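J.: Build out the structure end to end from the sequences listed, making use of the hints.
Protein chains in written order, with the numbering used here: chain A, 1 to 342; chain B, 1 to 325; chain C, 1 to 259.
Just so you know, these hints were derived from the structure itself, not from any lab. The model shown is predicted, which means the values in this text are computed figures rather than measured ones. Heads up, a few of these hints could be off.
[As the list claims (entries may be wrong)] Now the in silico label distances, taken between C-beta atoms and shown as ranges:
1) A/A280 - B/S31: 32 to 40 Å
2) C/A238 - B/S61: 52 to 60 Å
3) A/A139 - C/A238: 31 to 39 Å
4) A/F300 - B/Q156: 25 to 33 Å
5) A/P302 - B/Q156: 46 to 54 Å
6) B/P62 - C/R146: 46 to 54 Å
7) A/P302 - B/V108: 42 to 50 Å
8) A/F300 - C/R146: 38 to 46 Å
9) C/R146 - B/V108: 21 to 29 Å
10) A/A139 - B/A268: 33 to 41 Å
11) B/S61 - A/P245: 53 to 61 Å
Note that CB positions come from ideal geometry on N, CA and C, so glycine has one too.
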Amino acid sequence: MSVPHAASAPLLQVSDLVKHYKAEGLFAAKAPPVKAVDGVALAVARGETLALVGESGCGKSTVGRTIIRLQEPTAGRVIFDGHDVFALAREPLRALRRRMQIVFQDPYSSLNPRMTVGDAVAEGIEIHRLAPTRLERNARVAALLEEVGLDASYARRYPHEFSGGQRQRIGIARALAVEPSFIVCDEPVSALDVSVQAQVINLLKDLQERRGLSYLFIAHDLAVVRQIAHRIAVMYLGRIVETGPAEVLLSDPRHPYTQALLSAVPEPDPTRRRARIVLAGDPPSPTNPPPGCPFHTRCFHPLRDERCRREVPALRPVHGTLAACHYAETSAIASTLGADVV
Amino acid sequence: MTTLLDIHDLHVSFPDGDGARVRPVDGVSFSLERGRTLALVGESGCGKSLTSLAILRLVPSPGRIDPGSSIRFGDVDVLALEGEALRRIRGRRIAMIFQDPMTSLNPVFNVGDQITEVMHAHFTITRRDARDAAAELLQEVGIPDPRARLKAYPHQLSGGMRQRVMIAIALAGKPEILIADEPTTALDVTVQAQILEVLDRLRESHGMAVLLITHDLGIVAGRADRVAVMYAGQIVETAPTATLFANPSHPYTQGLFGSVPRLTGPLARLSPIAGNVPPAGRWPTGCRFRTRCPVVHERSETEPPLLRVEPDHEMRCWLAGDGPR
Amino acid sequence: MALGAIVLFGLLAPLALPDPAAQPDLAEGVLQPPSVSAPFGTDELSRDVLARVAAGTRVSLAVAGLAVALSASVGALIGVVAGYRGGIVDALLMRFVDGALAIPRLFLLLLILAAWERMPLAAFVVVIGMTGWFGASRLVRAEVLRLRDADFVRAAEALGAGSGRVMFRHLLPNTFGPLLVAATLAVGDVILLEAGLSFLGLGVRPPTPSWGGMILDGRGVLTVAPWVSIFPGLAIIATVLSVNLLGDALRDAADPRSA
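T.: Written out as structure tokens, the structure is:
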């Protein structure tokens with residue numbers, strides 16, 4: 001996917017984002033905090049999709065929710081269209097919320113079971129007083145439902161009458177109702193069946209084009225990400241380990257974790273055999289991240305050494321992407337994705 | 001090729017609340033061969049999980065397996081078994097692993113106990129021997145430091161480890177057939193790769209037949225010898241894996257392939273199947289896919305049987321009768 | 001379920017025939033045993049016991065219904081605020097509730113009622129209601145804690161909803177199920193409570209008819225005219241039983257597990 005024209009400053013700029021949770025339980029006072037997000041920086045331009053990928057526990061969902069201040073951060077700065085999101089008082093924050101919205105992963109818990117579809121979609125309209133009359137409100141709701149591919153008559157029905165894919169569309173309509181310029185898509189298709197997933201991905205792409213939306217697309221499935229992302233950032237244990245334009249990152253990844261992640265994605269093509277990297281062990285827990293490079297305990301890079309254990313690598317430009325690895329100039333694997341390796 | 005399990009015309013029905021019965025599994029037939037993996041592929045609501053439960057007679061009530069169905073394990077008629085005889089099959093000759101290891105493992109028993117429980121149920125074995133065998137199994141499924149792990153409780157283990165434990169429990173009875181119902185869906189991609197590797201290795205070393213139930217075509221491509229695609233309670237296409245991927249013929253299968261995003265190859269817009277899967281009981285008459293099919297055949301108001309596409313490749317579609325595609 | 005419905009019907013029927021004739025009917029005579037013209041007999045003022053029991057139905061159900069409605073409302077309000085706000089607000093409210101629950105309700109009621117001589121019926125209902133909301137608040141708070149982190153609540157917050165909107169439009173409506181069940185069962189409790197207090201002379205005062213009051217009246221003539229006390233007593237039993245059955249049926253209907 002070609003990168004859209006970068007018009008001056010990015011729409012969203014995140015720097016040094018940190019979110020720590022206090023440990024829970026009986027011995028909480030002494031226990032170390034859970035470092036869900038440990039220093040994340042990213043930027044999203046107008047009309048662009050930045051995908052944030054990683055496995056469970058890497059902190060990507062937390063990043064999404066903290067950026068739009070659904071949760072308070074521990075530290076960091078988020079500048080959205082010139083506004084310092086974390087410094088805003090209640091009223092200005094509420095006004096800004098129109099511009100940044102979120103779509104959730106679980107279609108079964110993201111809609112209030114006791115509200116009709118129409119009321120759910122209209123909620124933003126009511127909160128921000130975007131429709132002076134009832135007639136106009138209903139007209140807007142109808143238009144939104146149709147825009148996401150649903151029948152306007154669904155407004156009178158309740159969520160439980162709909163399938164997962166339809167509920168996701170309702171959630172998208174709800175987010176669109178306030179006319180945002182930026183949407184955090186928190187694993188929006190992970191819980192859907194394959195054919196429904198494809199429908200929703202196409203819908204999101206069409207909406208982006210039609211409305212000029214920017215997305216922070218959080219996912220764990222790289223094949224899905226490839227369909228929609230202009231740029232990709234890979235997270236591991238609360239940090240970004242590699243980021244760059246989608247096609248570059250997917251064809252010539254430089255961080256060993258990205259390479260392992262790509263290698264692990266099962267390709268629906270029995271004739272294609274590629275280097276299968278199987279990582280040893282389990283991902284370490286965010287309560288006890290290893291010192292130095294967060295990935296060093298499972299890293300298979302031939303040049304891995306003491307430095308990796310001591311020093312946290314910074315993101316630096318390597319061959320087209322930014323990678324946080326001391327030895328990223330030398331690729332850890334001999335061949336990349338396209339080659340046929342037995 | 002030894003056929004271990006033969007399913008013929010399996011029907012599972014549930015009462016629909018209005019006196020009639022709904023058949024979420026409606027005439028399914030396939031067989032499992034020793035040392036081979038059959039993948040049963042489909043989306044939610046197609047009946048694949050129920051099919052696997054039916055094999056072990058674990059269909060939850062008020063569902064039931066309808067008469068006329070046949071499940072034969074060697075020369076044993078599984079549907080005719082009762083009590084002790086049925087118990088001797090479950091876990092011992094046919095074992096099953098499930099999608100969510102957290103709810104499939106008993107949280108109040110440690111891992112070692114859950115494995116040895118299976119052994120004690122099916123073999124006469126001393127406690128010491130059972131514990132030794134359990135540690136060996138944990139080793140085989142790739143759990144480091146197996147002896148120490150025997151005392152661990154499920155909540156102390158990660159998702160990947162728990163799934164390995166579940167595989168170990170399944171293997172404890174030394175089964176000939178392993179049914180894996182979406183074994184990696186709840187796991188991260190890197191862990192998924194590990195688990196699939198384990199399953200492959202064990203299938204080889206133990207000479208089992210594996211029934212792999214999944215919705216992920218990527219997993220099927222790498223790990224299955226043969227594929228059966230299910231839609232609306234029926235098998236709509238079946239072929240060896242390479243054949244199916246080279247020549248997907250049923251419009252639903254083609255739709256699935258068109259919906260799957262790929263990591264390699266040219267980047268194209270996804271072409272999903274129109275509409276939604278109708279719930280069981282509201283399937284169209286005749287060909288069940290005809291309301292969503294892009295190439296509806298003129299005969300589609302009559303339900304098509306499985307027709308031959310090419311050698312060892314069948315599909316439930318009238319288009320097969322129109323010659324090679 | 002069917003039983004509950006039948007019993008509910010039985011409950012409402014007496015309500016449907018309001019019998020204002022709780023007046024002395026000298027034609028019948030004093031302390032007459034049950035007969036065709038007076039199926040429940042008459043009392044010491046030759047009032048038709050059946051008529052009085054029927055009239056008492058309305059009073060008992062109204063008192064219980066209103067009191068429970070008050071308890072449920074106040075309890076729900078406190079519960080949702082405590083559950084959603086959390087922190088110090090929650091801590092303070094819940095400590096208060098814990099303390100209040102530690103005081104036996106009957107004891108508290110006896111103190112209040114004995115101190116206030118000619119308490120009007122409305123005040124009585126309010127007093128019962130305001131001593132009974134603590135359990136409801138705990139229940140609602142528990143439900144709110146469960147729902148508070150659900151995505152649809154996050155979505156509302158992301159849209160800019162303030163706490164008020166979140167609490168009353170999103171959280172509270174989703175607590176109605178368990179709350180309704182608890183309230184129905186509480187009605188049975190309050191009927192018994194009111195009957196007991198009326199029996200002690202502290203509840204509903206004459207001339208307003210009440211079952212408890214009738215049992216009290218019949219105490220003096222228990223050996224010669226037991227029907228004066230027995231029938232109100234049976235009415236209490238039947239009503240509380242049917243309310244409890246209704247509550248159980250509601251609970252079963254709300255439980256997704258019972259198919």
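J.: Would you mind marking each hint as holding or not holding in the structure?
T.: Comparing the hints with the structure gives:
| no. | hint | in the structure |
| --- | --- | --- |
| 1 | A/A280 - B/S31: 32 to 40 Å | 37 Å, holds |
| 2 | C/A238 - B/S61: 52 to 60 Å | 37 Å, violated |
| 3 | A/A139 - C/A238: 31 to 39 Å | 55 Å, violated |
| 4 | A/F300 - B/Q156: 25 to 33 Å | 27 Å, holds |
| 5 | A/P302 - B/Q156: 46 to 54 Å | 34 Å, violated |
| 6 | B/P62 - C/R146: 46 to 54 Å | 30 Å, violated |
| 7 | A/P302 - B/V108: 42 to 50 Å | 45 Å, holds |
| 8 | A/F300 - C/R146: 38 to 46 Å | 43 Å, holds |
| 9 | C/R146 - B/V108: 21 to 29 Å | 23 Å, holds |
| 10 | A/A139 - B/A268: 33 to 41 Å | 36 Å, holds |
| 11 | B/S61 - A/P245: 53 to 61 Å | 55 Å, holds |
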